[in-house]
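Chains as they are written, first to last, in this note's numbering: chain A, 1082 to 1430; chain B, 1082 to 1430; chain C, 1082 to 1430; chain D, 1082 to 1430.
Because the hints were derived from the structure by calculation, they are not lab data. Hints are not guaranteed to be accurate.
The list makes no distinction among identical chains, and a pair is therefore deemed to hold if it is satisfied within one copy or across any two copies.
Here are the computed lysine-lysine pairs in the DSS-like style, where the Cα-Cα straight-line distance is at most 25 Å [what the hints assert, rightly or not]:
(1) Lys-1357 x Lys-1104
(2) Lys-1417 x Lys-1104
(3) Lys-1101 x Lys-1340
(4) Lys-1229 x Lys-1200
(5) Lys-1226 x Lys-1104
(6) Lys-1200 x Lys-1386
(7) Lys-1104 x Lys-1341
(8) Lys-1276 x Lys-1103
(9) Lys-1386 x Lys-1282
(10) Lys-1282 x Lys-1200
(11) Lys-1283 x Lys-1103
(12) Lys-1226 x Lys-1282
(13) Lys-1103 x Lys-1160
(14) Lys-1104 x Lys-1200
(15) Lys-1104 x Lys-1386
(16) Lys-1357 x Lys-1386
(17) Lys-1282 x Lys-1341
(18) Lys-1160 x Lys-1104
Protein chains: 4
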Amino acid sequence: MIIVMQEDATEIQIQMITEKVKKLGYDIHADRGVNRTVLGIIGDTSQLDMRNLEVEEGVAEVLRVTEPYKLASRAFHHKDTIIRIGSVEIGGEEVVVAAGPCAVENEEQISQIAETVAKAGAKVLRGGAFKPRTSPYTFQGLGEKGLKLLQSAARQNGLLCVSEVMEGGLVGMVSEYVDILQVGARNMQNFPLLKEVGKAKKPVLLKRGLSATIEELLMAAEYVISTGNPNVILCERGIRTFETYTRNTMDISAMPVVKKRSHLPIIADPSHGTGKRDMVAPMARAAVAAGADGLIIEVHNQPEKALSDGSQSLYPNQFAALMEELKMIAWAIGRKIGSVDKPNPTLIA
Amino acid sequence: MIIVMQEDATEIQIQMITEKVKKLGYDIHADRGVNRTVLGIIGDTSQLDMRNLEVEEGVAEVLRVTEPYKLASRAFHHKDTIIRIGSVEIGGEEVVVAAGPCAVENEEQISQIAETVAKAGAKVLRGGAFKPRTSPYTFQGLGEKGLKLLQSAARQNGLLCVSEVMEGGLVGMVSEYVDILQVGARNMQNFPLLKEVGKAKKPVLLKRGLSATIEELLMAAEYVISTGNPNVILCERGIRTFETYTRNTMDISAMPVVKKRSHLPIIADPSHGTGKRDMVAPMARAAVAAGADGLIIEVHNQPEKALSDGSQSLYPNQFAALMEELKMIAWAIGRKIGSVDKPNPTLIA
Amino acid sequence: MIIVMQEDATEIQIQMITEKVKKLGYDIHADRGVNRTVLGIIGDTSQLDMRNLEVEEGVAEVLRVTEPYKLASRAFHHKDTIIRIGSVEIGGEEVVVAAGPCAVENEEQISQIAETVAKAGAKVLRGGAFKPRTSPYTFQGLGEKGLKLLQSAARQNGLLCVSEVMEGGLVGMVSEYVDILQVGARNMQNFPLLKEVGKAKKPVLLKRGLSATIEELLMAAEYVISTGNPNVILCERGIRTFETYTRNTMDISAMPVVKKRSHLPIIADPSHGTGKRDMVAPMARAAVAAGADGLIIEVHNQPEKALSDGSQSLYPNQFAALMEELKMIAWAIGRKIGSVDKPNPTLIA
Amino acid sequence: MIIVMQEDATEIQIQMITEKVKKLGYDIHADRGVNRTVLGIIGDTSQLDMRNLEVEEGVAEVLRVTEPYKLASRAFHHKDTIIRIGSVEIGGEEVVVAAGPCAVENEEQISQIAETVAKAGAKVLRGGAFKPRTSPYTFQGLGEKGLKLLQSAARQNGLLCVSEVMEGGLVGMVSEYVDILQVGARNMQNFPLLKEVGKAKKPVLLKRGLSATIEELLMAAEYVISTGNPNVILCERGIRTFETYTRNTMDISAMPVVKKRSHLPIIADPSHGTGKRDMVAPMARAAVAAGADGLIIEVHNQPEKALSDGSQSLYPNQFAALMEELKMIAWAIGRKIGSVDKPNPTLIA
């Protein structure tokens, strides 16, 4: 951490801030320039609130020179983290696709969709059992029954499964059914929940909050890892901006930024990221082209009858066509989707 | 809800969407203009996902003409809600000030601060016992012990007290100590928590999320009210924007907007809204001038030694001077702070 | 335009607003529902300021049902606009790439770069002669001399050229040298300039402002088209958000959104959209995958010595490698770059 | 400027970056810590593009320790700038109010409004003659004729006058009529225009762009001052955020931030900052309470018939009532509006 003093800072002010930093247990080094003095704090400053220094007399600015996260940082862990679940590797050469309905509605629905997405090349079945809804008056999910149906449909089709957990107290129960625990965007900074999934034995899919910076997303991952669970998959799903023609603005640049700052895998959710069916395919292609390690996509056998998010769910045939395009794009950048060695251009819609 | 058809929508498309809406249980009325047809849906559409209609063939746009919240809306409850706790009324003529440290640290600290803020005219003592911290490596609060100290210091100084609850499972325990349950900005859409505080017997101070629209804040209030607790106090505490010279951008216009849309009281938190001590007073004054029903302000007896947020905490004498300015401003707009009938201009710094 | 009355609006209020709208020259139709009355305004409301109606007594909300632009709207012009300049078609099957330095610095520099980018498959040479710089103390461009060098280098390599014009008074002069007139992001709502390029005979590359909505971008295009110039190419180059790890957030979803709302071609500028060299390639790939009609990319023969924006300029070999990846991605979605019929995977880095 | 090297940066990388900086004409000082080396660049780095250093091998981050502006910075000019025009002082003890219609429409309109606002205590008459309109189909202003009417109405009522200039070529003509030249939000980074008003002899009212940071606003002021005109008045008028219940989010915190960073006066425009009449008064009060040096407010004698922005214009009696409230608030914080020594509380509505 670096403290930049004001040009007219007095010697006494420099001494006082030096004393204060030393009392906090850090060494400090003064660099006296022609115009101003710059103080460098030596030691692990990750627990130091820089704003406590900014308000001192004579201080112009306080700058952090190290990231506030360690375990999630590529600086401390150079190699890509690859998360292995059964035969699936997330963060490796393959771009892994999770797909399924917004919410599990009944056995027939989830079974049909599972079969469909497995056939098209998905490796993971998604489906909500506990739904965070902005309105208290809308469908809230089937609960544990939904998890059972999800797990069963996944197993029958050779898929892994992922579902959201919204409360710390339910992490144990949800873990019994799913292969990956999802923490939703609205809970990205629900710290008690982060600690609970940090104690779980299952990998965690951590969604970026609607107004979270990438640094905060990595800090949230740090909570999970520091509690004991290193298997965190990050997920971009759109941020809030002033644009109104889209529900959110999907931050595709999060792919290369996260890859540079962290060793953790990052996937994209173009369904929530756009909120509209006709934009899911272009944004899914964009995410893969930008380097996403995976995608999570809403697919429904009858979107027009879906109990939630039907408007952003793909039809089965749309999903299958998209998968063929994605295979080509992955191949163009030296990756692959599924076991195919070479994409088949004749299958592209 | 209104469905605007495309200019070239066919009669069949209009029929199909009409059928779909009727099947969902609503009446529908077609208004055939020269250029295009507009369909009006009649009935309570608060549970209807408008995006399910937007994706239909021939539809140009779907517009909501009623707000998605009812119990929090002024349209359904014209008179201002006034929340009475002991002798304090929130939402009435008086602008109520809550003040205290970011976190309860020890008995001496909270007692001293309680005495200080009571003397200056505060009516509520704030103090965190469970702290949501972005870094897992920083001070997380004293827990229940902190709540005991907070309550005791408040009682000794004739103050009410407020503290944050972060988990549904702790609502009962926290309710035993505090007069007002605070739901933090990061938990504004933690729906299980909203339902728990909705069952509590204590009023709820609900903070606006960093990227929440005012509509979403009112929807979150709707969760609490619809579960059974009508005593919700809204709180503006800064939103995310591109500006970097301030930590957040405090949305002062939330005061008049909420007053127009809802009957619930709204207060402002200039400490979190700005993040810097020297901006707390101007923004506190601005909030009151814009019509805030109250303020919540961080005050510490020794900000430079505070375990958290010291940089945004006022010194006792700063708080006392601010209160005198605020009394004048409240008076200028026909309200009051404390029992004084007329402000004393000679006390203004 | 639709006027939604408040639930408790009186008959007199409804009459008064009806009279007001009629006086403005529109027909109006009242739809009296169980709970509230909705008034539909019939006629061309593009010149009507809806806020003048919002403030009337008894009005709950005013909703626009048609876009405020016409000439730029797909609703009024279903077929894609294809802009033909020489043998190049922008908006057609081919994804057209413009490349070159941020600023023209001298003859050797621009000649070398022109040769390099032409060889790699670019069709247009970019290069600034008048630079809008946020600091008054930095390099401001070579002016007309720069345009001469740009044109000459382009011609020698069979390329078109594009350069920015910052003032209405210079449109004539700049038009003599360039094939495409660029209007920069900071001038997207410089209306006198929009009118001047509207009178020019050359196509216009119109960049989206940093905080402009897509609707405003299309309104700016409307200015140009309505003045007489239908050849407008839109360009996404990043918007302002709260994220700080990137300079701007490139809104990749602008590609499918513009394609749906407008018939005009849209291209992407990943150099300004990201501000950092190592993010240019992933975002260029993402834009093409999402449906961009073209790209404009900064390439410099010696980026480390560039007088401006060197940090976001690609090295020649990086640009060549990127072009090969882009050819594959274009092919994956049924488009092409350059005259190649089929990409050559062995050329991909 | 400070260059933070990566933890694993090699000695050769440190040498190479050191050489590069020296070649650019700066001294450099290396601070070798336990974990990493930090390089300090000595000299005036305002012309140095830090991104050119960020992309070098081994560099983790580049941090600016001085502001990129000088002439606008309080660090280089400690005392508040007070701009004197006739008997009016902007930036001093008095809070100066400018008021008038969005656009000058005809002689009767501007004369009536001038008389009204003068009587209520305004010192400056505002009125547009050249209007920047987002739609090419709406009223664009009376041009020079409007300026004549504006000047005449101002003179007859003892007021100064201000109007917007949109093109460099018109600065001379507009200067003949107005006392203050306004540069609109959309032109905040129209650099040719900034240079022209920098050469003018009249003070400049510079509005913050919709997505401009405060730093960029101060950089724009730097353009004007460095060209020769030190009399710049800054103006906050709302920024773009995700909130949709207001047209823009008025950044009230810009008042204290600008006061800290710069010596220039800052005023607020609550009419454009909110876009709705019923929010103008609360936000005007908030701005004054937060320390604004002035206000610019739209007032119209018949807002419902205004040719532009009628919905955000105050009625004459609303403006008069607001002025009485503002006098009280100014007094509460040790300032004044008009020549009154003490506000008269009985006048407050």
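Hint by hint, here is what the structure shows:
1. Lys-1357 x Lys-1104: Classified as between: cross-chain Cα gap 23 Å, same-chain 55 Å, threshold 25 Å.
2. Lys-1417 x Lys-1104: For Lys-1417 and Lys-1104, neither the intra-copy (54 Å) nor the inter-copy (44 Å) Cα distance is at most 25 Å.
3. Lys-1101 x Lys-1340: neither (37 Å within a copy, 28 Å between copies)
4. Lys-1229 x Lys-1200: within (22 Å within a copy, 58 Å between copies)
5. Lys-1226 x Lys-1104: Neither, since 56 Å and 28 Å both go past 25 Å.
6. Lys-1200 x Lys-1386: Result: close within a single copy only, 22 Å intra versus 53 Å inter.
7. Lys-1104 x Lys-1341: So Lys-1104 and Lys-1341 fail the 25 Å test inside a copy (35 Å) and across (29 Å) alike.
8. Lys-1276 x Lys-1103: Neither: 32 Å inside a chain and 47 Å across chains, both beyond 25 Å.
9. Lys-1386 x Lys-1282: Intra 36 Å, inter 39 Å, cutoff 25 Å: neither.
10. Lys-1282 x Lys-1200: Neither: 29 Å inside a chain and 53 Å across chains, both beyond 25 Å.
11. Lys-1283 x Lys-1103: For Lys-1283 and Lys-1103, the Cα distance exceeds 25 Å both inside one copy (42 Å) and across copies (45 Å).
12. Lys-1226 x Lys-1282: within (22 Å within a copy, 32 Å between copies)
13. Lys-1103 x Lys-1160: neither (36 Å within a copy, 35 Å between copies)
14. Lys-1104 x Lys-1200: neither (63 Å within a copy, 33 Å between copies)
15. Lys-1104 x Lys-1386: Answer is between; shortest inter-copy Cα gap is 11 Å, intra-copy 64 Å.
16. Lys-1357 x Lys-1386: Within one copy only: 15 Å inside a chain, 40 Å across chains, cut-off 25 Å.
17. Lys-1282 x Lys-1341: neither (27 Å within a copy, 45 Å between copies)
18. Lys-1160 x Lys-1104: neither (37 Å within a copy, 36 Å between copies)
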